[in-house]
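Each chain is listed here by its residues.
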Amino acid sequence: MTAELGHFTLILALCVALVQAVFPLVGAARDNEVWMGLARPTAMFQFLLVAISFGCLTHLYVTSDFSVLNVASNSNTAMPMLYKISGVWGNHEGSLLLWVLILAIFGAAVAAFGRNLPPALRARVLSVQSMIAVGFYLFMLFTSNPFERLFPAPINGRELNPLLQDPGLAFHPPMLYLGYVGFSMAFSFAIAALIEGRVDAAWARWVRPWTMAAWCFLTGGITLGSWWAYYELGWGGWWYWDPVENASFMPWLAGTALLHSATVVEKRDSLKGWTVLLAIITFSLSLLGTFLVRSGVLTSVHAFATDPTRGVFILMLLIVVIGGSLALYAFRAPKLVSSGLFQPISREGALLFNNLVMTTAAAAVLLGTLYPLFLDAIGGGKVSVGPPFFNAVFIPIMIPMIAAMAFGPLLNWKRGDLVAAFGQLKLAAILGLVALAATYMWQTDGPIFATLGMGLAVWLAVGTLTELAGRARLFSAPAGAWGRFRRMPRASWGMVLGHFGLALAIAGMAGAGGWTKESIQTMHPGEKVELAGYEFTFDGASEGQGPNYTAIVGKFTVRKGGDEIAKLVAEKRNYPIGGMPTTEAGIETRLAGDLYAVIGDPEGEDGAYVTRLYFNPLVVWMWIGAMVMVFGGVLSLTDRRYRVGAPKRSRAGAAVAAGA
Amino acid sequence: MLKRLLLATALLFAALQPALAVDPAEVLDDPALEARARDISKGLRCVVCQNQSIDDSDATLARDLRLLVRERLTAGDSNKQVVDYVVSRYGDFVLLKPPFKFATLALWLGPLLFVALALIAAFAFFRRQRAARAETVAAPALSDEQKKRLDDLLKGDGS
Amino acid sequence: MNNRWLYSIPLAIFCVLGIYLGIGLTLDPKQLPNMLDGQPVPAFDLPPIKDRGAKGFASTDLEGDVTLVNIFGSWCVACRTEHPYLMKLKEQGAVPIHGIDWREEDPDAGPRWLKRFGDPYTLVGDDPRSKAAIAFGVTGAPETFLVDQKGVIRYKHIGPVNDEVWKEVLQPLIQQLRRNGSQTGGQKGGS
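Chains W, H and A, in that order, give the protein sequences.
For the first sequence, counting from 1, position 80 maps to 80 in my numbering; every step adds exactly one.
For the second sequence, counting from 1, position 78 maps to 78 in my numbering; every step adds exactly one.
For the third sequence, counting from 1, position 101 maps to 101 in my numbering; every step adds exactly one.
Read the hints as simulated data drawn from the structure, not as lab findings.
Since we're looking at a predicted model, the values are computed, not measured.
A hint or two may mislead.
[Stated by the list, open to error] Quick list of in silico lysine-lysine cross-link-like pairs, DSSO-like style, CA-CA up to 27 Å: (1) H:K42 <-> A:K30; (2) A:K30 <-> H:K101; (3) H:K80 <-> H:K42; (4) H:K80 <-> A:K131; (5) H:K101 <-> H:K80; (6) A:K55 <-> H:K80; (7) A:K90 <-> W:K382; (8) A:K90 <-> A:K55.
Go ahead and model the full structure; you've got the sequences and the hints to work with.
Quick look at the structure:
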């Protein structure tokens, strides 16, 4: 029954979505208030229906109903409850249901909290949002129905991939989707603006919170995935430039650019056409990511089970949504007239520079990701584009931007003084160079980018703090500084934290990418290994058990200078149902770096095991930096100026109406 | 349907082998040779996996390729000779860093082209801005009568 | 604005992208091209598997007649589906088939498998460390190579050999090669 209910509500949701997609849009064009008024209730109702459908699927998993194909393929009674629940979205069909759920959540949120939006704009936005949903409902109902039944029902299902049975990874898809789908809101706003033929400061203010929320989630989701890869996959790596990782990174780059350019639209009435295009591009990249993961055109560790019919359907969806929006853009964007003028050296100029670098970087990543496909399609043979390419291309593109990030906030709007800004940044420059030199002298065997990264990280961190101090006049008028700090708008704090967080993350990336130390050997109990100034002692291995796995549990003691500083527990798990082993590394996180131990197979009969030991410098700075960035974004979101929107406009309108 | 799903997921399982790749038994005695072997392995793609190097991968073929690399290095091959041998068997696909040849020209030059386009776009944008600014700044010349009126206004109006 | 066409650039780029993505759906990114097409068989010398006598399988055995070299393993599910057809080919005596038993961890596994499902091979070589397999550029099993009288690789087939593959590709090619006798200028080949 539950499966049929879930299926039925999904079909109903499609019907409601069709209504929501058509009537408010037409109503806005014809100034029909009744039809426009349909937007909010249909959005709410659609959300309710999808929520019920999602609840049904969750219930099926929780109760282990193996008469449903999706549950039988991805769940098992022996699995812990957390993974039964995360199994809902750990597969192709379920994850699509999560997609539409989040689409519906955002739609309902605009319906509920977008009271200060002009009705016509709100109607258009919700209509466009619903059109996207219609595409996904059709995709699900025709090719990827999560509620398909299985006869005869097996006694027990297969398992969720043991690698996915992990708390970090359980939440990685929901966060990512909140990001991807959140950008659909900016997309809908952009389409609505194109249809209306107008973009103004008010539009930018409305778009900003939704874009910021999506950005926070996407940053969090990517970080979670990276963190998981680091502690789970067993050799301390955290980014592989895998096609699906790139598919999440490109919308992030475009989304960050969008946040910055929306500021220019809002404050200076410029870069309108460009911002609208960016909003379209950001969501298009999200959709493209969906295509890449599920169609089988690229080989990737992340790919879901692939099916050619699905690939064709998603491609059709892509063509309609992206092609349609870009066609609309080609037709309507010339109508958007920008009036703000500014010098190349100015705050707007710096924001424009951010945009140029971010989009160039995104384009480069897109090129690398899709190149094997292009070359094969024109018969040029098979080629691989791996981390060496991406690192060689991405890092040099980003370096100028990171250097510029310290200047940007110090420049005035419209016309900035670069020399004065640099004068303020003297300390940052000196400390940056000191860090560069110190790193170079201390670790001469690292790659040049890592050393450069440390210098840039310090430059950015000190530069950001300098701007903050200058704004509060911390050193020139220290008396009132605390008051000035407190009165600073939250969005400004958001920016400071965002930039500072990035500096921390860059330091972490430089450390982890540049100076990792590794040691592979067979160890007998009691044997010691020296690594990076630490002494690892193998304390032997024993057998362990979990709810659905057996394990070899290895224990290590780490000493520095004779003193014990950590005990590490590493596991090699075997999941009999899933049929594959996983490693759980023993990690001790310290500010200077992570001590990381992995246990492998036994060697011989006398208790010796293969072990891998690592010292990964500064890794934790990446996670801390990312969290600081997300926190900054959340802080920005809570800035009242953005939640209130722009009621001034309606007041001005009322004044004009009164005066006329 | 289920069978296809099972097969695909099985492939996914097979590919996503974490745990230990390089076995201590594979490690060469000569540290310099071993370092070269690791370096080369990191640049060779595991052809049966979903995007890993043979250094990272647990697959049997990856292990055999690692052993082959070490054998050839021990026999005296240079790094280039070892890599060329593997490429002669599997093609450029096996190189994680795409080679710089005619087929990959667009790949390597692409990012440079994007940077150039970005700069051109920026220049064009600022030039258009300057033209727009020049337009608003350039006011039509005043006629004599208008100039007189302006003088009167400026002198007479004391505020 | 007289530069209206600039606004159409994103759409144009997307159209090109869409076409390539569509073509991409028809391609298999994992199918590697045959690097050894038209080249002599790589040198290899494999020991025999158990219970098959003292003679193994070496590259020098591949001259004098057109042959098929089949990569298989007891762990390979698809090889089992191909096997009956290879047995049929052996009964017909159409072409000598040699086997490379690839990646067997247990030395008994290969012989056991052949005993159970039949042995269509003239010669079998044991390749636990993928030495010959890598030399052939093999990425999975089963794979079958067509080698001409001079020991030159003429065709590589990835996947099981079935009636369709035999009738449409392998048999005509074998007949042509035999007819041409000692000619080295064959045109077909490659996957």
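Hints breached by this structure: Going through the list in order, the structure violates hints 6 and 7 and respects the others.
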